[in-house]
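The listed protein sequences derive, respectively, from chains A and B. One rule links them: number in the working numbering = place in the first sequence (from 1) + 1. One rule links them: number in the working numbering = place in the second sequence (from 1) + 612.
Errors might be hidden in some of the hints.
Claimed, not checked - Not the full set, but computed from the structure, chain B residues with beta-carbon under 7 Å of chain A:
| id | residue |
| --- | --- |
| 1 | Pro621 |
| 2 | Val633 |
| 3 | Ile637 |
| 4 | Val644 |
| 5 | Thr647 |
| 6 | Leu648 |
| 7 | Arg652 |
| 8 | Glu653 |
| 9 | Leu663 |
| 10 | Leu677 |
| 11 | Phe680 |
| 12 | Leu691 |
Claimed, not checked - Examples of chain A residues toward chain B, derived with CB under 7 Å:
| id | residue |
| --- | --- |
| 13 | Lys62 |
| 14 | Leu87 |
| 15 | Leu94 |
Claimed, not checked - Coverage of chain B stretches by chain A, computed from C-beta distances (three or more under 8 Å per stretch; other residues unrestricted):
| id | region |
| --- | --- |
| 16 | 664–676 |
| 17 | 694–708 |
The set of hints was computed from the structure by calculation and includes no laboratory data. All of these numbers come straight from a predicted model, not from anything done at the bench. The beta-carbon is built from N, C-alpha and C at its ideal position, and this holds for glycine as well.
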Amino acid sequence: MKLTIKPDRGFGKVEVELGELSDEIEKLAERYSVPPERVIEIALAGEFRESKGELEELERKVEELEKKVWRLEREYAPLRYKAYGLSEDNKILAIELSGLIAENNGLRRFLRLPPNRNLELRKLISYYLQG
Amino acid sequence: MSDIMIILPREKFKSLKGRDVRALIEENLPKVEETLRAEREEFLREKIGKLEEKFQEMENQLEELREFYEKALRDKELLTAERNKLRKENEELRKRLEERRSSQTVNDSFTERELR
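The following block holds chain B by itself, in its conformation from the complex (with noise of 0.2 Å):
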């Protein structure tokens, strides 16, 4: 570890003149320890506030998105079904209509005979 610096209020600074300032942080180490353990407490606390919210908007999302995927999946089906339908259907017309339209030609040559 490389030498290191730090700086305290002037206050603070002028308590320790005179002090053994080596003793005075060994005998409050422990006092550190807690004072961090403390700290890092408030630190997770606020973590998991956030972590649940997180969960909770994430959970909610996955919810919605299950209902959107599961009537996407049903309109799939459904619109399928009736392309389906709608082709064999519109087919089904054609042919009706090619054999109107052919009678009515075959019709239509008669009427031009009699005519003439």
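If we strip away everything but chain A, and leave its shape as in the complex, we get (with noise of 0.2 Å):
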């Protein structure tokens, strides 16, 4: 494989055969899943870091994290789905309750009976029926 280095402004470019230097850098490149030019800047612009030797560890934390975030999600999901379900279920009994409670202080007044006040039931069914 052949490398040409060239200056960002001017003229001239330097031409060097890797040979078999470019199979250390293909596979330093695949590890880190970076293009092997970026292996060689490295190379040739000589800054350096040092790593804290945390990488496994590291790696093995995003994996669990990972799992643990995908668990959620599939826990999430299929809830949503019932809850609204749910929430579908209350808004159509409401519509009926609202119906019934017409019915039941219409009958009420024509029978001279005191009118039924459930505001706690009243409070639910309108928290349904905006919903």
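Reassemble the complex: the two chains are provided individually, in unrelated frames, and hints are given to aid placement.
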């Protein structure tokens, strides 16, 4: 593999035949999921960093967290579906109950009975009718 | 692997002139690996931060959803019970009203006959 290096300004270029070195560059690039150009750039720039030796531990932690998030996602979707279904059922019940309450009040008026005031139930009905 | 080309800042490029670039790369490869490890560690640390945030957020959302679901379940039971109760009560009230109306009709027909 031939490597060509050019300056960002001006003319000129350096051409290098990498030979077997290209295999090592390729391996490194693959292992750390970066392009081979990045490997060469770091090698030539001379600005190196030191790792804290935590790579394996960090990879393990990421994997663990991803699994935990995935488990929550798996629980969330069906529960949301069930909750939506329940809320729709309650809406239908609320519509039916409003009709029954109106009928009940009418009948009580005709029969001269005191009206039925169930404030908590009315609140619940309007909650589901708005939803 | 095909040929590759990289562009360096002019000063860096000039400093390579006359040097054995291949040997320089080869010599620096262990340090490159160390640098790549450090970069990957940094990337993973950021990823962990984001994942922890997402996990917390999802856990809160799930908790809210569980509460909503349980409330909806209790409400459904209550609404169904109230509906059944009202259906029954209305049926009884309708019967009482019917009875009152028919006795009213009988009374009316008596009054009518007496008037004649």
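Right, here's what the structure says about each hint:
1. Pro621: Result: holds, 6 Å to nearest chain A Cβ.
2. Val633: 5 Å, holds
3. Ile637: 4 Å, holds
4. Val644: 5 Å, holds
5. Thr647: Nearest chain A Cβ about 5 Å off; hint holds.
6. Leu648: 4 Å, holds
7. Arg652: 6 Å, holds
8. Glu653: 5 Å, holds
9. Leu663: Result: holds, 4 Å to nearest chain A Cβ.
10. Leu677: 6 Å, holds
11. Phe680: 6 Å, holds
12. Leu691: 4 Å, holds
13. Lys62: Cβ of lysine 62 (chain A) sits 6 Å from chain B, so the hint holds.
14. Leu87: 4 Å, holds
15. Leu94: 4 Å, holds
16. 664–676: Answer holds; 7 residues pass the 8 Å Cβ test.
17. 694–708: holds (count 9)
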